[in-house]
Amino acid sequence: MTGARPCTAKKRRARERGGVRGGGAAVEAAPGRERQPVVAAGSMSWARAAGRTLAALLLVASVLSATLLAPGGSLERGSEPAPPRDLDKKRHVELKMDQALLLIHNELHGTSLTVYWNSERCYHCLPQPLVIVSGSGKPGKPSVATVAVSTQHRAFLQLNDTVEEKEVCRLEYSFGEFGNYSLLVKYARNGSGNIACDVVVNQNPVDSNLPVCIAFLVGLSVVIAVCFLKFLLSLDDFNNWISKAISSRETDRLINSELGSPSRADQLGDDTQPEAWRLSATPLRLRCVDTFRGLALILMVFVNYGGGKYWYFKHASWNGLTVADLVFPWFVFIMGSSIFLSMTSILQRGCSKLRLLGKVVWRSFLLICLGIVIVNPNYCLGPLSWDKVRLPGVLQRLGVTYFVVAVLELLFAKPVPERGAWEGGCSSLQDITSSWPQWLFILMLESIWLALTFFLPVPGCPTGYLGPGGIGDLGKYPNCTGGAAGYIDRLLLGEDHIYQHPSSTVVYHTRVAYDPEGILGTINSIVMAFLGVQAGKILLYYKEQTKDILIRFTAWWCFLGLISLALTKISENEGFIPVNKNLWSISYVTTLSSFAFFILLILYPIVDVTGVWTGTPFFYPGMNSILVYVGHEVFRNYFPFQWRLQDNQSHKEHLIQNIVATALWVLIAYALYKKKVFWKI
Numbered sequence: 000m001t002g003a004r005p006c007t008a009k010k011r012r013a014r015e016r017g018g019v020r021g022g023g024a025a026v027e028a029a030p031g032r033e034r035q036p037v038v039a040a041g042s043m044s045w046a047r048a049a050g051r052t053l054a055a056l057l058l059v060a061s062v063l064s065a066t067l068l069a070p071g072g073s074l075e076r077g078s079e080p081a082p083p084r085d086l087d088k089k090r091h092v093e094l095k096m097d098q099a100l101l102l103i104h105n106e107l108h109g110t111s112l113t114v115y116w117n118s119e120r121c122y123h124c125l126p127q128p129l130v131i132v133s134g135s136g137k138p139g140k141p142s143v144a145t146v147a148v149s150t151q152h153r154a155f156l157q158l159n160d161t162v163e164e165k166e167v168c169r170l171e172y173s174f175g176e177f178g179n180y181s182l183l184v185k186y187a188r189n190g191s192g193n194i195a196c197d198v199v200v201n202q203n204p205v206d207s208n209l210p211v212c213i214a215f216l217v218g219l220s221v222v223i224a225v226c227f228l229k230f231l232l233s234l235d236d237f238n239n240w241i242s243k244a245i246s247s248r249e250t251d252r253l254i255n256s257e258l259g260s261p262s263r264a265d266q267l268g269d270d271t272q273p274e275a276w277r278l279s280a281t282p283l284r285l286r287c288v289d290t291f292r293g294l295a296l297i298l299m300v301f302v303n304y305g306g307g308k309y310w311y312f313k314h315a316s317w318n319g320l321t322v323a324d325l326v327f328p329w330f331v332f333i334m335g336s337s338i339f340l341s342m343t344s345i346l347q348r349g350c351s352k353l354r355l356l357g358k359v360v361w362r363s364f365l366l367i368c369l370g371i372v373i374v375n376p377n378y379c380l381g382p383l384s385w386d387k388v389r390l391p392g393v394l395q396r397l398g399v400t401y402f403v404v405a406v407l408e409l410l411f412a413k414p415v416p417e418r419g420a421w422e423g424g425c426s427s428l429q430d431i432t433s434s435w436p437q438w439l440f441i442l443m444l445e446s447i448w449l450a451l452t453f454f455l456p457v458p459g460c461p462t463g464y465l466g467p468g469g470i471g472d473l474g475k476y477p478n479c480t481g482g483a484a485g486y487i488d489r490l491l492l493g494e495d496h497i498y499q500h501p502s503s504t505v506v507y508h509t510r511v512a513y514d515p516e517g518i519l520g521t522i523n524s525i526v527m528a529f530l531g532v533q534a535g536k537i538l539l540y541y542k543e544q545t546k547d548i549l550i551r552f553t554a555w556w557c558f559l560g561l562i563s564l565a566l567t568k569i570s571e572n573e574g575f576i577p578v579n580k581n582l583w584s585i586s587y588v589t590t591l592s593s594f595a596f597f598i599l600l601i602l603y604p605i606v607d608v609t610g611v612w613t614g615t616p617f618f619y620p621g622m623n624s625i626l627v628y629v630g631h632e633v634f635r636n637y638f639p640f641q642w643r644l645q646d647n648q649s650h651k652e653h654l655i656q657n658i659v660a661t662a663l664w665v666l667i668a669y670a671l672y673k674k675k676v677f678w679k680i
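Residue numbers (numbering that gives the first Met the number 0): 0 to 680.
Check each hint, because a few of them may be wrong.
Said to hold, decoys possible - Estimated spans, in silico, between C-beta atoms of each pair:
1. 646 x 427: 27 to 37 angstroms
2. 474 x 131: 48 to 58 angstroms
3. 474 x 352: 53 to 63 angstroms
4. 646 x 382: 34 to 44 angstroms
5. 449 x 547: 25 to 35 angstroms
Keep in mind the hints are simulated off the structure, nothing from the lab. All of these numbers come straight from a predicted model, not from anything done at the bench. Glycine included, every Cβ here is placed at the ideal spot set by N, Cα and C.
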């Protein structure tokens, strides 16, 4: 959608704001009255200028945050100090990102050791062989083996006698990136014959999280500086702020006495729609909704670009949550809110349900087709093979979810009642009771997910299996990744048409294909989108009733959070249904929906009620979400979003590149917003 909005719409929205932000120029009076001037927004003119500069400041802060004070690529792995004299001269190993050097010294005469390794993130996993260290040939001359170990999580090391296959010692340790360590295996000095295993630090590791901390602090400093500047500029006009608000409200009262509410005045000329719809017009957009969508989208862009190659900006290997696991569900949630708000607005303007259904079908079809194109970028690998086309994907799931939720709302759409017009004993629950057919359908869908997940027989796997397969569960079910969810995808779509490199491969060494955007998980994405619809109904049914909106957001936040606590038993792996992004488990949906209601609880009062924050810079990409998402996927390998790094194993350089690329998409969204260019399908 392109083109500027009518000026009258801008004036109407300014009146709906109540003048608290000081917005608006002169308002036309009702017929028969003289034009009454409204106080201008001179005291807030600086805010618009601050909004224009904040996006540019974001890019500058991004570069400074990852450059200043952060360890450089060469400094992160600087020249090693002189090693102890007893270390093996052939210890050199080329370390990669998130690795440390471990030298294992075996002083046990004639006893060969097999070293096994496991990550603390690998639940109930078989120990993995790391290296074999031969026995010491002479006293005081230990055999030494050199290996690179992962530093992302705490490691469990187990040393066994290679011949007798009995455990010699076991220990756990958190290694630091690019550190140099020695594991000393020797007999205890007390003469008891016991074996001692100790870790000694030869060279201290680097603080690989320092660039992230600096980036956050610099970004936070920019935000604080802008807010403080805003406060200083408002001091001179603070005494006039209340009088301006009162003057604006009085003007609105006089106008409304002649024309009714501003939203109704906009609809008086439309006689083609039912009276019930015309009585309850709704604003086209709520700024907090676009801000939330933009926040999720920008996090998604940053994560997809690499997130500085930090493990917490990647998807969890199986159970649990990382930052990367938050963004897609939030996008689905806010899509549900937008579905209800936009469909209600369109119906109020007199669009027939049949015509709107055609638009829903067409948009869903375009999302699915666009998604299939994006998830198959084989332009560097030659012509695409139809035998290997991946069918599921992010946009495909969004398209299916959008279709189901939109059709469901369209079939049971009802006019939004005017304030105080709702009668009956459940007036305080009108946003829920008015949607009982939709809730019944959603509960039926969730029952299907539970039945298939826990009762569908899967060949070679235990019924109701929710694990990752591979080396998990002590290697008993190596080909059971995802249980029923993986089996359904492989059965209906074919193993060659789903994702070949799931996140479980890294830690659990899974061997079968598994798609986190598969068929069964789509059911729960529909559930999450409908919870977003519920948030939209709260915003619309109780508009201008801030207290009621916040109470309901709080209630949903607590209710869904309690469901998550019950399902997970406050445990990552031991609950009835663990939080799992790969499965899109119901506990994952309730947990992320609880977070979403909490975020709206924060955003709505400060963005839409008080105007303390305009939503900058997240508001701009939120207004152009499809363009930003598709654009960042298509151009991710092109300059200036990616360039050749001097040190490809440096978190700092990756972080700079990813922050700059993300900030550029914010600037692009801002430029398009200023040009009134919005891409919708």
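The hints, checked one at a time:
Our hint of 27 to 37 angstroms for residue 646 and residue 427 is violated, since their Cβ atoms are close to 60 angstroms apart. Residue 474 and residue 131 have their C-beta atoms about 20 angstroms apart, which leaves the hinted 48 to 58 angstroms range violated. Between residue 474 and residue 352 the CB atoms are about 55 angstroms apart, so this pair conforms to the stated range of 53 to 63 angstroms. Remark: the range hint 34 to 44 angstroms for residue 646 to residue 382 is upheld by a beta-carbon distance near 35 angstroms.
Taking 25 to 35 angstroms as the suggested C-beta distance range, the pair residue 449 and residue 547 conforms, at roughly 33 angstroms.
The structure is inconsistent with the numbered hints 1, 2, although it conforms to all the rest.
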